[in-house]
Every structure is written in structure tokens, then in C-alpha cells.
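Enquirer: The lines below spell out each chain.
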Amino acid sequence: MKKLLLTLAALAAVVCLTAPVHAQEVTADVIVADETGYAIDNLFLFIGAVLVIFMQPGFAMVESGFNSAKNAVNILFKNVMDLCIGVLLYFLFGYGIMYGDAILGGFMGWGGMGIGGIASDVAAGSLTPQCDFLFQVAFAATAATIVSGAVAGRLKFSAYLIYSAVITGLVYPISGFWQWGGGWLNGMGFHDFAGSLVVHAVGGFAGLAGAIVLGPRIGKFGADGKPKAMPGHNLPLAALGVFILWVGWYGFNPASQLAIVGADNTNAVMLIAVNTTLAAAAGGILAMLTTWFIHKKPDLTMALNGILAGLVGITANCDAVTNVEAIIIGVVAGVLVTLGVKLLDKLKIDDPVGAFPVHGMCGVWGGIAAWIFGGQPMLAQITGSVVIPLWSFVTMFILFSILKKFNALRVSPEEEIRGLDLGEHGEEAYSGFQLWTTQ
Amino acid sequence: MKKLLLTLAALAAVVCLTAPVHAQEVTADVIVADETGYAIDNLFLFIGAVLVIFMQPGFAMVESGFNSAKNAVNILFKNVMDLCIGVLLYFLFGYGIMYGDAILGGFMGWGGMGIGGIASDVAAGSLTPQCDFLFQVAFAATAATIVSGAVAGRLKFSAYLIYSAVITGLVYPISGFWQWGGGWLNGMGFHDFAGSLVVHAVGGFAGLAGAIVLGPRIGKFGADGKPKAMPGHNLPLAALGVFILWVGWYGFNPASQLAIVGADNTNAVMLIAVNTTLAAAAGGILAMLTTWFIHKKPDLTMALNGILAGLVGITANCDAVTNVEAIIIGVVAGVLVTLGVKLLDKLKIDDPVGAFPVHGMCGVWGGIAAWIFGGQPMLAQITGSVVIPLWSFVTMFILFSILKKFNALRVSPEEEIRGLDLGEHGEEAYSGFQLWTTQ
Amino acid sequence: MKKLLLTLAALAAVVCLTAPVHAQEVTADVIVADETGYAIDNLFLFIGAVLVIFMQPGFAMVESGFNSAKNAVNILFKNVMDLCIGVLLYFLFGYGIMYGDAILGGFMGWGGMGIGGIASDVAAGSLTPQCDFLFQVAFAATAATIVSGAVAGRLKFSAYLIYSAVITGLVYPISGFWQWGGGWLNGMGFHDFAGSLVVHAVGGFAGLAGAIVLGPRIGKFGADGKPKAMPGHNLPLAALGVFILWVGWYGFNPASQLAIVGADNTNAVMLIAVNTTLAAAAGGILAMLTTWFIHKKPDLTMALNGILAGLVGITANCDAVTNVEAIIIGVVAGVLVTLGVKLLDKLKIDDPVGAFPVHGMCGVWGGIAAWIFGGQPMLAQITGSVVIPLWSFVTMFILFSILKKFNALRVSPEEEIRGLDLGEHGEEAYSGFQLWTTQ
Amino acid sequence: MKLIIAYIQPDKLTAVKQALYEKEVYKMSVTNALGCGQQKGYHETYRGADVEVNLLKKVRIEIAVNSKFVEPTVEAIIKGARSGKIGDGKIFIQSLDECIRIRTGEKGEDAIG
Amino acid sequence: MKLIIAYIQPDKLTAVKQALYEKEVYKMSVTNALGCGQQKGYHETYRGADVEVNLLKKVRIEIAVNSKFVEPTVEAIIKGARSGKIGDGKIFIQSLDECIRIRTGEKGEDAIG
Amino acid sequence: MKLIIAYIQPDKLTAVKQALYEKEVYKMSVTNALGCGQQKGYHETYRGADVEVNLLKKVRIEIAVNSKFVEPTVEAIIKGARSGKIGDGKIFIQSLDECIRIRTGEKGEDAIG
Ligand SMILES: Nc1ncnc2c1ncn2[C@@H]1O[C@H](COP(=O)(O)OP(=O)(O)O)[C@@H](O)[C@H]1O
Ligand SMILES: Nc1ncnc2c1ncn2[C@@H]1O[C@H](COP(=O)(O)OP(=O)(O)O)[C@@H](O)[C@H]1O
Ligand SMILES: Nc1ncnc2c1ncn2[C@@H]1O[C@H](COP(=O)(O)OP(=O)(O)O)[C@@H](O)[C@H]1O
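Protein chains in written order, with numbering that gives the first Met the number 0: chain H, 0 to 438; chain G, 0 to 438; chain L, 0 to 438; chain A, 0 to 112; chain D, 0 to 112; chain S, 0 to 112.
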């Protein structure tokens, strides 16, 4: 006990010397204009943020469930860490870049480190900077975590940590600034309501870059080039993950209205929620039917992907379409994701969980659908739906290529075969269970 | 990539030709009467809806956990699909039937397809039609998903899809109209606050019908007629599911007050929440004690069923009883469910997860308890508690019998023994794990 | 069916004779002062309570995932039951003790059994007694459930039920009264915002007492006294549990502001939410780095513990520190928990999930940090951070020692080796899976 | 003494056990196995990609018997396991030099049953 | 050369390994098995229904040894596994024609240890 | 007839199967096993505590062959499984008295392939 207290004291001492690099003051001496509306809208966004953060275990479960047991610890760990790192990096740099004043000719923003740089009034529709940050950081973490599925089973843990820091601290905030920070895409009239492009396509195309630079897992493509299935090890977990994501999406889309007080806001939020639900359902059904038609058996994993596809597809336009249009958007997304998975197999790109078809392709579809059904300007929608994915793909391609150059990207073949859990972490996900060590 | 874009374009073209069958307009030009209250009450119901939708993974986890590993994909898939199908069918027909104007001499309602048929004012206690739909569709999906547990391990996947469509599009909305849509049961004074009968008993008795028409799983009853245990394959998942259901029930019951603004509403919501909690706890404890007493060992799965039993039992009457009465209702439900499981075994009815004892029997108990403790009119309570289960049982018995007639109900014995996952989906839930293929 | 109805009738009869021991009336004839604010604040606390109750499956998943498969049912069952028993005991005694008027010279409070003893006004910031109870009972259940992890793998199920009743009905409410019930610690100026001490340290030190009195699991320490790893059997579940706990903590900390209406409250809630997030992230990263440094491999289970450590550490002071200070508090907690795990191994105390390092040590750290960073009075903080843990440790040490005396504490060595699931419950968690029966 | 090893279809285990009981063979040991034989395996799809399953799930039974029990044991296994379809399995018979009951130290034929 | 197969109670594996080490037998292979023997199995209840468990969890050990090691190996197994209760298990001994070390190609007695 | 038992590294199974196919050996049975041999095991840490892993994951292959196939089968296994590193595994060969195909009742050499 003594030793413990000594340690404690020593640590406390060290800590006290560390001067806070950035101080926030929550001043409340503003005259209270509309405290009730202020409370409600902030509460609403807070709930939204909590739901979006809840999407993290959703991703973690889907991705680990869709991969093999020997890599489960590694994927879980990556999911845990992209959240932790994302929170800190977005706090330090990302938030300031995304919502600060334009610098470098409007290429990015800068509002200082931490949260302090942005103030708020007390009124309905006005958010405390802290609340705003919470909501935004949850979105940043979502973009980051999408990639872990696409690069599963072969990317080094340390490489992933670096990637996480770069995407949440730099890449995501910059393209985010273009649109949501008031940058040039926003100026053009590009409409991406809750982030089909800004969040999902960024993640999906980063994942594509990773999958391409890494190359496929050993055994994914036979000597004849035919894709081989590498079945997921725990579909109940994966299904749970998708359900959780569905639930979390009620934070993602409806709360992106950013206010609920005022009949317009209230009505919009509820329309968005229903549209989100309808698109998810339609996506799931269509993906099931498409696979059933092509492969003669209904495939659970594709139906799960279809639900996510519908959710991603509706994200950019859920505020601007009718219920029936939402169903159509989901229908298209459900078909799209099925074809996307087959396309990647054709192109010999190995994306173990379908991160690109779901978030990349359906993200783009969401942007386009905002033009087709949502009445948004065609040019702006096409520009945004091309530029943002490109930005993410190119920057991440460069990053992964640099890591590859330094041999810091991919684990050794021996380790890959034995599993990253033993190789990188010396830990098994299911200690005591008997696993077929080879199939 | 080119091919992809072509596909996309083609699909978009098809989609554009499809005219929306039903358009909604979210008009906001109503004069704002009480925008704040409107925002709060809709937010409250929205949160409730999200919590009720969160019950879906709860059911999925309980049901797959309580069944064998070889059928896990099948059950999960059924749970995923009853939500997707339920959402679309309830959108197309169910909502209009349940909350439209009475037709066919008050047998059912009709308010048109989609959501458009019902309008709202901007005031506290008034819900946007979209929000109302979201809340109601979550309930419909709950009723539907209860059945998958009772028919697990032998019902064909396609038969389940048909069943899902019928219950959410027709059967549930009709009896729902009788009570919540302002139909004759409501006119009689029948009180079913959040749906012990309207939701749970409908699901529970439909499950009973399914279990009876299907017959027991191979091996459930020995040559001597003695019931054999067929243990669940993943009790941690099942326990997680029950916890999730408990949490989701805070949407189910409290939000059924339909408003929180106004001291009466606020107080009612909180009383309901506490009563729900107390009944769940009491149900869990009593089911544990009863099994402990009878079988000399405390059985986790029965305690979990007991919690659900308490929750179902309190659902009809949680607004009308005191805390202590809530405990008593839970106590009775906990005992009831234990006896119910034994009763089914006696009757040689195979309900793998106890869906009927939990949702059917305790649903009826909830209706009766609203009379005994809640001071509701005896006649109305008994009528409602008999008619609704009967409606569900009879219609579903007919449906399942028709399917049986066409040989479309039950998988072949070979497939049943090998497991529905391989037979129907060609997919394993736990690829790589070594399972005892026989015990 | 007849038999069933008879049983039902008989039960109902019994139940009707049981007079309610304690009646609550929800009177709403108070003049409505600020119904809107009242609705919002109660809604806010309700949401908080639901999130805190959601922490229960979080704990259940972490604890069962971190232990071996042969004890999974037992741990899950304990987690289920401490909630059920906690709800009833806290209803009967705990709430009255914790928030009643001071008796026994201020040693504890008493406000009668049930919830009736405490009234409320209709105004912003005022809670209905029912809502207040719901929030408080969720905290009581949290304190109780912490222990199950520390005593896993050897404590008898019946002993745990007794323990649960005592802690939620007596021990937790008494020290809770000292601080949150307006007792002497509160009078001194001790600041424990959301319960680093009142909740977490109580649980953590009770767990320590249990672990010491029980002694280590067979095989935990080699003949040479060296600690042996006994790896957890399901790390995906454990990771899911930690994510759920993180999410649940958004109820635990922000809602402990007890009101959101009023700009000060709104701002405080959001600051608290962000601080909670930052500390969790920092704790996770630092625990990962510390273990990586010491053992050369990043260890998922330690990172997960680190996140929880950060959350516990920020709990006492999240309202009183800046964002940067929150990060520092998380950093220290992350290091502390790693050292704490090693310390217990040195001391030959077997705490399978690290309940003491996380909740006990970091709970104390939270109290101290409220002085160092939060500007709270040193004397009060130190007193509170010593007295509450001591109270819990001593009372629980006595309880467990008495149980040991009567041979009612620990299962037999044979049962321990075979697993408590078969021994105590005759049930396997993973029926059909092939487990290495020995390693 | 002989050691009989049989590979059978998993779903036949109960029938084989039943048939063995009828011949008064009560002792046996069972393990999970994957088998590759005439039954060529099958192709499945997972997410649209091919899974070639050529190691099929089988159950391996090991039974030590006295010589005079060999015949009835083999008959019983065949009776319980034969369906006439490819994949029914194989029986292998080896000689067994010694058998020891750990509990009592008994050896040879006495120890087997 | 002999091949020794032993079925033991799972919780005795550590003790058996220990006893084998003492006799300088370091090599072995272990598999999970289910056993059916004199130990008749037991009945459990799950949700109030009966579970008849008559295939009990056992561990199967396979050890190839040179002839002079047979005696000590058997003794060690018995020492580690005997509790005197029904279910302690059996040891089977078979002759082994050949043993090859894959790494070096060594054969016979040299390859075994 | 002979019964060949081989313990190999799990990740060599595909290569061994390939090599066997080339020699026209198509039938085999595979089980999971834990092995203890010259490869002494390794130490891991879990939550800072030591895990001594001395039972390593192996795959056990069992193949019944006619005598003239013994040589090629052993060669194929060695070809597929050898890496030259400790832990490559062992091959054991036993005589097989009888082999019966359950489906047809065929016996002996005819039944094996
Ligand atoms: N020569 C052999 N060596 C080892 N195992 C064999 C051999 N032949 C068959 N088996 C086992 O028996 C199982 C059934 O054999 P298979 O040839 O498919 O059936 P059948 O004998 O009815 O043609 C195989 O899956 C395998 O496990
Ligand atoms: N004749 C046999 N053939 C195959 N396995 C056997 C045989 N006899 C015993 N076993 C194995 O040994 C285990 C213990 O045998 P059992 O008869 O229960 O114990 P005991 O020998 O102490 O009476 C069984 O569960 C089974 O796995
Ligand atoms: N005498 C033996 N009896 C049973 N199994 C053995 C024996 N020797 C080796 N094995 C099996 O073969 C595996 C590899 O043996 P090992 O000695 O590690 O490799 P190598 O032969 O390359 O030195 C072991 O893990 C074990 O499963």
C-alpha cells in the first residue's frame, strides 16, 4: 500500500508541473435569452453524440465478427484505439482545423488547439462549444474506425495507430472543413446532410487505399485468381454490431439537424429518423434478395451489409427526400453493395468486411441521390461526391505507401498465418476454446 | 470502376422512373403554438422509439443464445428480417390499418398507405406523424420478432418471411386498431397501457400457434415422451440480450405515456419507469427461487426468462399501480413463467426460448393485473385479455397450417439435424470453432 | 390450458391478500410553476438513469469475458442478480437510509421504506421522487456489481446473493448518506461529483476485501509464488462491455449535474461529458503504452482497464476541471491501473478482472484529483478518500469473514477446477462448443 | 484384444451408441474429426466468394474390445452408421497389446470392459 | 517401440505431465475426447428439462516410446491420474512399427525422443 | 495395411494435403491436437502475468493405406510438412489388421482407398 501511495504521489507531482497547454473557461455570465430552448437543443445533441459514440462497439463487433478468430483481439484493439486516439487528436488539432477560420486560401481552417476557440450564445439552436465538440468528435471517430475492417488480418497494429492519428487529426478535418466548416464545397452549394461523403466515403475510400496498398490476405485469391471465402468467425457478434449501428444512426442522422426546438426542426428530425429507418430496411431486404437471386441462398452477412448500405446511402439526403424516396435510395444501396462486393473480388482487392462497398460506394450514392431525389444542384453534388473521396483516397494511399516503404505496414506471412493476436499481442481472443487451426 | 458507374447510372435511371406511390410533405406553416413543448414531447417519443428499436438486438441475442449453434445464423437472420420487413409492411399497410378511420364495421381502420393520412398540431403532447410512426413501427416489430424464438430450429426461412409480412402488415394492426386505434375494445374501456396484450400476447400466442403446428424439434421429447433439454449454445449472449431488453423497456413503457410535458405526464412517466424496474427485478428473483426450489439448482436461463416475464406483466398496468403492487405483479409473473415452461413440456409443445410463457402467459397476466391492482373494469380487462390472444392464435394457426399444407413450413429432418445454417444459408455462425457435432 | 388458468387464479388470490406494505400516491394537484423545465430536467435524469442501468450489461460482459468459460454462467448470474436484488433492497431500505433525515447522530439517514418519504415541487431542477429513485438505484447497483469480478471463479453463488443484499441495502447507502444524503462528509466540504469514491471506491474496496478473504484461485500463483496468467475466455465480449460502460458513463457523470435547464447547468453538463470522454481516451492510451513498455507487447485487456480507469478517475471531479486537466487525470489513471495490477500480483491478491485497481485505486485518485486540479479543500478530499474506502473495506471484510467462518464463502476445490457453472448451476455457458478442458 | 477405430457421420452417433449398447458394448471414446474421403466435399458461397469444403465433419470412435467382441462391435457400428450414401465412413481394426485400468491397475482382458 | 494411448480425467492432465517429466518422458500429444465408460454419466436439468450426459469430457494422451520406457510411462500415468474413483480412465498399449522425425528424417528409436 | 499417424504444424496442413494428392492419396482424417515435444513452448504475458504455453497447437492426421502406399505417403507428408525448424512433427506407422467400408461392407485393401 505504501508503495502504491508513493507512486501516486510521484505521479501527482509530475502532473502538477505540467502546465495546461490550453485553458477553457465555461463562462456563463451571458444573459440568459432562452435557457429552455438552449437546454433542449444541447440535450438533443448530447443524446445524438452518445448514440454516435455507441456506433463504435457496433463497428468493433461487425469487424471482428466478420474476420477470423485468430485476428479478433487485433481488430478489437484497433477499434478501441482509433476512438481513444481520435478523441485526443481531434481535440488537439482536428476540431480547430475543421471549424476554425479559413487559412491557406481556404484549404483548411484553424481555430486553435482544443475547444476554446469557438463561442456560443444562450439560445435555442445554439450549442455550447463543449457539446458541439462532443458531437463532432464522435463523427471523426466514425470516419476513422471504418478503415480497420478493410485492412483487417494483415495491417500492423502500430501502422494503424499512425493512420488513426493522421486521419482524425488532419485528413478528415480538412475535407470536413470544405463542407461543414464553411469551406468551398459548402460555398458551391454541395449538400451532405449528415456525412455520406464527409464521414463515410472518407472512411470507405481510405479503406480502399489501405486494401490496395496492402494487397490481399494470404489465401484470399487462389492460384487461379478465383476469390476464396474466408468466413467470419462470429456472426452473432456481427449481427449485434449491425443492430447497434442501426440504433446509433438515430444519433448520426436526426441529430445532424443540430436543433429540435422550433416546429420546423422538430418535424425535420422526425422525418429524418423515419427516412433513416426505411432506407435501412429496404437496403437489408434488397441485399438479401440480390444475393439470394445470384447465389441461390440468402446470405446473412450480405443482408447485414445491405442494412448498413441503406443507412450510408440515406445519410446525405435524409432531410430532403420523402419516405418513398428513402425506400428507393435504400433499395439502390442494397443492390449496389452486393455488386460492389463482387466487383472488389473481380478486381482482386481484399476488403474483408465490405467497408468500401458499404461506406465508399454507398457514400457516393448518397451524394448523388441528394441531387436525383433531394433536388440539390447537380454540379455541386457531383463535385463533392468526387472530390472528397479522391482527397481521402489519395492522401491515404500516400500514407500507406510510405509506411510500406519503411516496411512498417504489413505483418510477416508467418505472423499472418498464425494470426495477429498471437503475433502482435501475445493474446488469444477465445482462450480455452478449441479452434480449427486450419481449414 | 467504369463498370460500377455504369451500373449505378442504370439503377438510377430505373429508380427515377418509379414514381413515388405516396408523397409526404412536412409542412411547417402552421402557427407555432407551443414549439417548446412540441419539441420536448417529440424528442421524448423519439428517444422511446430508439429504445424500443434497441430491443431488436435484445431479442436476437436471447433467441440465438438459447438455441444451438447450428441454427444461430438462421435465427439471427430471421430477427434481422422481421425488422426490415416489418418496417416496410407497417409503412405500407399496417400504420394505415391501425390508426386510420374505422372501416368494415369497426373491424379495422384505414388511413391510406404510408404515413401521410394523419396530421398533427404544433403543441405539447402532439406528435408529428413521422414521430408517431417511428414509435408505432418499433412496437409492431417487437410483436413480430417474439415468434422467431418459439419456432426456432425447424421453421423454414421463407415461411418466416411470409409470417413476418402478415403479422406486421395485417394481424397486429387489426387487433391494435381495436385497442389503440380507437376501436371497440378501447370503447369498452379495456386498458392495455403499453401492450401486454396488444404487443406481447399477440407475439406470444402467434408463437404458440407456430410451435403447435410445427411440432417439436427432433429429439426434444424422448421415446418415453419425457422432455429432453436442448441447451442454449451461448448464455453470455442470452444474458446480454435480456439486459438490452430491460434497457429497451424504458422506451416501451414510459414513452407509452406519449408525452412528458405537464406535471401529470412527468410524474406518470417516472412512476412507470420505476414500476417497470421493480417488476423486472421481482420477476427475476422469483423465477430463480422457483426453479431453485423445484430443481435444486438456480438456473440462469429461467431467471432471465423471469425478468422478461416481470417486464411483460407490468406493461399493461404500469401507469395504474403503486410500486409495491408492481413488485407483486413481478413476483407472480416470475412464478408463472416457471410453471409455464413446465406446462409446455407436459403438453409436449416445444417452445425453445419460452416465448409463450413469457409473452403469452405473462401478457395475459398483465391484462388481468390491470383489473386486480389497477382498478380497471373487470369485464373489459377479461374480454381484452381473451380476445386479443385468441385473434392472434387463430389467425396464425391458420397461416401456419396453410404453409404446412403446401409443405412450405418445416425443413427436412436431415436439414434439421445438420442445422438450418448450413441447410438454408450455407453459412456457419462460428466458422473455425470446433463444435461437438453431436452430444 | 385449464390447469394454467387455475394456477393463475390461485396465484392472483394469494396476491390480493397481500396488503401493500407501503403506498405511494402520485399527486399532481400542485400548482404548475414551471412544467416545461420540470419535464426537461426529469427527462434528462431519466435518460441518465437508463444509461447507468445500461452499464450493468457492460460489467457483465467485461467480467465474464475476462474469466474462464467454465465460470461464465456463474458470473453472468451474479451480475443479473445483483441488479435484481439491488433494486428491491435499495427500494426497501437503501433509499430511505441514504436520503432520509439523519438518525443515530448522523451516522445514517432514515426516510421510511420505499420511495414515499421524499416530496418534490414542480419546477426546473426539481425531480419527482420516482425519477430520483430510478437514478439513485442505478448507482447503487453499479457499486454492487463491481465486486463480482474481483471474487470471480471461487465465491459461492449464495454468498454473493447475501453480499448483494447487504451492500445495496446497508453499506452503500450509509456512506452514501455521509456524502450525498447531506451527512458529515458533505458538511466538511468533501466533493465527489458523481461517485469516484461513493460508488466506485466502495465497490472496488469491497472487492479487495472479498479477494483477500477468499484467497487466490487454484493455480493463480505457482509453487514459486509467481503469478500465473489465467486468460479471459472471450475478449470480444469484454471489449463490448467496456464500450458499453463508456457509453453508460454519459449517464453516470453528466446526469449527476441533476439538471440541464439553465445555462449554467447546460454548460456544466457538456463540459462534464467532454471531460469524461477525454479522460477515458487518455486512460486507454496510457495503459496501453505502459504495458507495451513493460511487457514489450500492447495488451488489449490492460488498455480496456485503462479506459475504465480514466472514467473512474474523472468521476469525482469532472465538473471542476478543464479539458486539459481531464486528460492529465486520465493519463495518471491509465498508469495507475497498470501498476495496480502488478501490485496485486506482488501481494498475491487475486483480482481476476482488476476491479480493485480500476475502481478502488482510481476511485481514490479521483477524490485526490478533485483537490489537486479541482480546487477542492485538501483536508476534506483526503478525509473522504480515506474514510469511504475504509468503511467499505472493513464492513465487507467482516461480512466475508463471517461467511467464511460458516463455510459459506468458497466452493470446494473440485468444483472450482471443474468450474462453477457445472457445480453450482448444472449449466454450461457454451453448450456444444469444444473447450480445452485443461491447458 | 483389438482396438477398433471408426469414422462415422456425426448424426449417426446416437444410433451407433444404441446399436453398441444392444450388443453389450458400453465403453467407447469419441472425438471430433475432419475427414477427407470419397465424399468429395462441397462448395459453398460466403459473401459471393467460393468456399471449398473438402474436410467434412466426422466423428471418430475408439473402442477397445476383447477378441470375441470384435465381430459384434463391427456389426453394431455398421448397423448404426450405414445409410448407403457416400460418406458413411470406415472402420479400422488394430491389435492391442495391453490394456490397463488406471483406477485398479487391472490388466488385459479384465480391464477392457 | 510402443504407442501408448491413455484416457484420463481432464483435471489430471497437469499431474500426469508432471509425473511423466519426472520419468524423463517429455513428448506427448493431447486431444479432447468424450468418454463413455463405467462412470455412467449424470443427469442435469436445463430449464426444468432433463439432460442426460453420458459422454463425459476426457483427455486423450498419445505417447510413442521406446520399449524400455513403456513401464515407467505407464507408472507415471497411473501415478498422475489415479484418484481411485470410477472414471479414472484407461491405458492402451499398441506396438509401433516405425517412427519418423519429419524435420531430420531420422527413423526408429532415435526419432522418438 | 498400415495406419499412419502424423503430427504436423497446423499451417502445413494445406501443403501436406497437396503433396498427398500428388501421390494419389486422397483419404485421410484430421483432428486438432496439442503437442509437447522438443519445441519447448513459449512464455507469454497476459495482464502482466506469465503464461507458460508448453502444449502447442498441432494437427493430427490419420491415414490408412495399403502397404505399397506407405513409402509415398510418408514422403508426401515430409515434403509438405518439413520446414527444418524444431516442431515440424513426427510420423508414426502401425500395422492395421482390418479395414471395413461401412457403406458397402467391403473389407481389406479394397476398402481402404
Ligand atoms: N484411408 C483412410 N484413412 C483415414 N481415414 C479415412 C480413410 N478412408 C476414409 N476415411 C475416413 O472416413 C470418412 C468417410 O469416408 P468416405 O470415403 O467419404 O466414405 P465411403 O467409405 O462411404 O466412401 C472420411 O471422411 C475419412 O474421415
Ligand atoms: N474399452 C474402451 N474403449 C475405449 N475407451 C474406453 C474403454 N474403456 C474406457 N474407456 C475410456 O476411459 C474412460 C474412463 O473409463 P471408466 O470405465 O469410466 O473408468 P474406470 O476405468 O475407472 O472404471 C471412459 O470415459 C472412456 O473414455
Ligand atoms: N514421442 C512422441 N509421442 C507422441 N507425440 C509426439 C512424440 N514426439 C513428438 N510428438 C508430437 O510431435 C510434435 C512435434 O515434435 P517436436 O519434438 O516438437 O518436433 P521435432 O520432431 O521437429 O523436434 C509434438 O508437439 C508432439 O505433438
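No wet-lab data here; the hints were simulated from the structure. The structure presented is a predicted model; accordingly, all values stated were derived computationally and were not measured. Hints may be right or wrong, so weigh each one.
Claimed, not checked - Where chain L lies over chain H, by a calculated footprint (3+ residues, C-beta under 8 Å):
1. 40 to 51
2. 57 to 70
3. 74 to 81
Claimed, not checked - Residues from chain G shown here face chain L by an in silico Cβ test under 8 Å; the list is partial:
4. Thr35
5. Trp183
6. Asn185
7. Met187
8. Lys227
9. Leu234
10. Tyr249
11. Val260
12. Ile284
13. Pro297
14. Leu299
15. Leu303
16. Gly422
17. Ser430
18. Phe432
19. Leu434
Cβ atoms here follow ideal geometry from the backbone N, Cα and C, with glycine treated the same way.
Enquirer: Next item in the hint list is G/Pro297. Is there a CB on chain L closer than 8 Å to its CB?
Expert: holds (6 Å)
Enquirer: Does G/Phe432 pass the interface check with chain L, least Cβ-Cβ distance below 8 Å?
Expert: holds (6 Å)
Enquirer: Is the hint on G/Met187 kept, meaning its closest Cβ partner in chain L is under 8 Å away?
Expert: violated (21 Å)
Enquirer: Is the coverage entry for the segment 40 to 51 of chain H by chain L consistent with the three-residue Cβ rule at 8 Å?
Expert: holds (count 6)
Enquirer: Holds or violated: the hint that G/Asn185 contacts chain L, with Cβ atoms closer than 8 Å.
Expert: violated (24 Å)
Enquirer: Quick one, is the G/Thr35 hint okay against chain L at 8 Å, beta carbons?
Expert: holds (6 Å)
Enquirer: Regarding the hint that G/Leu299 lies at the interface with chain L, is the smallest CB-CB distance below 8 Å?
Expert: Holds: closest Cβ of chain L sits about 5 Å from G/Leu299, inside 8 Å.
Enquirer: Tell me if G/Tyr249 is really an interface residue toward chain L, meaning its C-beta lies closer than 8 Å to one of theirs.
Expert: With a closest approach of 5 Å, the G/Tyr249 hint holds.
Enquirer: Should the hint that G/Leu234 touches chain L count as held when the rule is a Cβ pair under 8 Å?
Expert: holds (5 Å)
Enquirer: Holds or violated: G/Gly422 as interface residue toward chain L, Cβ cutoff 8 Å?
Expert: For G/Gly422, the interface hint is violated, since the closest Cβ of chain L sits about 17 Å away, which is over 8 Å.
Enquirer: Interface hint check: G/Leu303, Cβ to nearest Cβ on chain L, cutoff 8 Å. Holds or violated?
Expert: Holds - the Cβ of G/Leu303 comes within 8 Å of chain L, reaching about 7 Å at its closest.
Enquirer: Under 8 Å, Cβ to Cβ, is where G/Leu434 needs to be relative to chain L, so tell me if that hint holds or is violated.
Expert: Because about 5 Å separates G/Leu434 from the closest Cβ in chain L, which is inside the 8 Å limit, the hint holds.
Figure legend: structure checked against the earlier numbered hints; hints not met, in rising order: 5, 6, 7, 8, 16 and 17.
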